[in-house]
Amino acid sequence: MAGSTLEIKDLHVEIEGKEILKGVNLTIKGGEFHAVMGPNGTGKSTLASAIMGHPKYEVTKGSITLDGKDVLEMEVDERARAGLFLAMQYPSEISGVTNSDFLRSSINARREEGNEIPLMQFIKEMDGTMDLLEMDKNMAQRYLNEGFSGGEKKRNEILQLMMLKPSIAILDEIDSGLDIDALKVVSKGINKMRSDEFGCLIITHYQRLLNYITPDHVHVMMQGRVVKSGGPELAERLEAEGYDWIKQELGIEDETVGQEA
Amino acid sequence: MTVETQLPYDRQYVSQFADGRGEPEWMKNLRLKALEEAESLPMPKPEKTRINNWNFTRFEHDVKGEAITSLDDLPENIRVFVDQENISKNLIVQRNHSVAYQSLSDELKDKGVIFTDILTAMKEHSDLVEKYFMKDAAKVHENRLTALHAALLNGGVFLYVPKNVVIEEPVQVIFWQEDDEAALYNHVLLVADTGSEVTYVENYISHNTEKESVANIISEVIAMDQARVSYGAVDNFASGTTAYMNRRGVAYRDAKIEWALGQMNDGNTISENLTNLMGDNSYADAKAVSVGRGNQSQNFVSKIVHYGKHSEGYILQHGVMKDRASSIFNGIGKIEHGASKSNAEQESRVLMLSSGARGDANPILLIDEDDVTAGHAASVGRVDPIQLYYLMSRGISQKEAERLIIHGFLAPVVKEIPIEAVKEQLTQVIEGKVY
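If you read the protein sequences in the order shown, they are chains A and B.
So for the first sequence, my numbering puts the first residue at 2; every next one is plus one.
So for the second sequence, my numbering puts the first residue at 1467; every next one is plus one.
Keep in mind the hints are simulated off the structure, nothing from the lab.
Just so you know, not all the hints are guaranteed correct.
What follows is a list of derived Cβ distance ranges for each label pair [as the list claims (entries may be wrong)]:
1) B/1514 with A/18: 37 to 43 angstroms
2) B/1790 with A/76: 24 to 30 angstroms
3) B/1536 with A/114: 35 to 41 angstroms
4) B/1555 with A/122: 35 to 41 angstroms
5) B/1881 with A/74: 38 to 44 angstroms
6) A/56 with B/1535: 54 to 60 angstroms
7) A/122 with B/1535: 40 to 46 angstroms
The model shown is predicted, which means the values in this text are computed figures rather than measured ones.
All C-beta atoms, glycine included, are put in the ideal place defined by N, C-alpha and C.
With the hints as extra help, turn the sequences into a complete structure.
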């Protein structure tokens, strides 16, 4: 079976009455890794949140479909069960809920009642994945993200990604706050997911991550739109020359959507 | 407006009741004096909770309960509180006002541990009980209800742990109000002598959803120098029972008292937990969780008073409120003059599940000494939509996500309960109350 297709068409999104995305078009298929790059404040994280259904973001125009199904009609949990996953930039801390119980509930939410994942199989899978991500075993019994360092939170997001095996994943600034060793470990986890069944949208404003994860397609966002797309060579040019040449090329003075500099 | 507390139990009744039980003279006199004082003493005045129309007078006072020969004779809804995998060797089941089942391991008997119902203790260890009974931790004349407690006492246990005796396994008591109208005037007296250690767990259970009754409960924990007491409780009186519950602790030098209270009553409840840190380096950790539902009104006080130097007190109260329930949470840390280098910390949080519910968290710090540290946090709010979003983004339904957040919110007490069966029951009670 081939992978899924996530299709974003002319997407307009507002937060508190202010338009942040002004017509985004993007298609991600199983087997493809896409990178969305751009300076801060150009709408990258808004795109990620809107796809997943963050309660503060309102889609005012356009469509998102997953294999033809209307994602915007789905509740957040339905989107996840349909195959979407978002590794968040700021994962919530939830006291009193262990990481392991949370993950098991997440896995079982995708399975039929009465067909829950056997406990031993779950523990084995979790142990193996935590080893790969070089995570301390006691993190399984710690409360979800509570007191985790920035790096631990990011690894924990990738742990969830690997355990939940979505068909399309969006990684929102998964590299921010990571030192080079942690970045390598996280990249190793993401690369391990590569298959025809898995598509990925990597949001970052550093080229650094792309030294470890090679994207098939690179997109640049400015002013709430995708303004340029290309192959991996585009990321390399951005690394070498920055974003100014794109601004000049397109006659853009202020690349942000006014949210923040 | 006056509160109706005229009882059908007079001097003659109390006198005969004490005689009938064969109590020592000091107890009978204490009862009679308390009954007399009750007439003039005021009712307790819980802050911001009106108790005018609460039932304190309609109940049956003396109801026998049949003994059982084996724990298998317990009905299923009581037996579940006993760990079937690892049945406690130190267990008392009180049925109405009688002891139905009682066991204490030979090992602990040999070490001089006393664990028995309060009446037997008064007869067989009269001096020891008299020395501590409503002397240091709770007092007869605090208010009308404490006085009535002493006058009408009809149940309870006495646990004495001798010097340097460490009890590894938890000691468990189940107070089973089987009769729907039987009132519990229940007294727990726990004395941990110098250097001793004990973990105690109690359950209060009734099923009177139609008929009315009263629970007037006092627990006294005396932790002598270097003693350590862990005290776990699950209160589970049904909606027909009005509960007035006082759990008091006194910690002397280097002593430690830890409370983990699951306050799950369905009826109107006043519940106060007070620890006096008398000794230097004494320590108290008071954790309590509760769920309010229906129309019930509850008032919780968690209070730690520091007298000893370098004393440490930690209060945590978490409450979940739904339907039209109303609860007041008062956290009080008090540092007396001279209790230098002490630390008083508290956290009170209320989670509101419906707009008709009411919850107040009142953090209070009263400090009469300069050289101390103290802190408090309090909040009243709804389930965080961003937390919900995060959980749901992993495929978990909204209902299940809320469930996880609520159980997590109440986990600080649940995880402290040392008996698996009781922990499981507390989890189920929470489940039943919230959904």
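How the hints compare with the structure:
Between residue 1514 of chain B and residue 18 of chain A, the C-beta spacing of about 40 angstroms keeps the proposed range 37 to 43 angstroms intact. Against the hinted window of 24 to 30 angstroms, the Cβ-Cβ separation of residue 1790 of chain B and residue 76 of chain A comes to about 29 angstroms, which satisfies the hint. About 37 angstroms separates the C-beta atoms of residue 1536 of chain B and residue 114 of chain A, a value consistent with the hinted range of 35 to 41 angstroms. At roughly 37 angstroms, the beta carbons of residue 1555 of chain B and residue 122 of chain A sit within the given window of 35 to 41 angstroms.
For the pair residue 1881 of chain B and residue 74 of chain A, the beta carbons lie near 40 angstroms from each other, so the given range of 38 to 44 angstroms is met. At about 59 angstroms, the beta-carbon gap between residue 56 of chain A and residue 1535 of chain B stays in the expected band of 54 to 60 angstroms. Range check, residue 122 of chain A to residue 1535 of chain B: Cβ separation about 44 angstroms, and the 40 to 46 angstroms hint holds.
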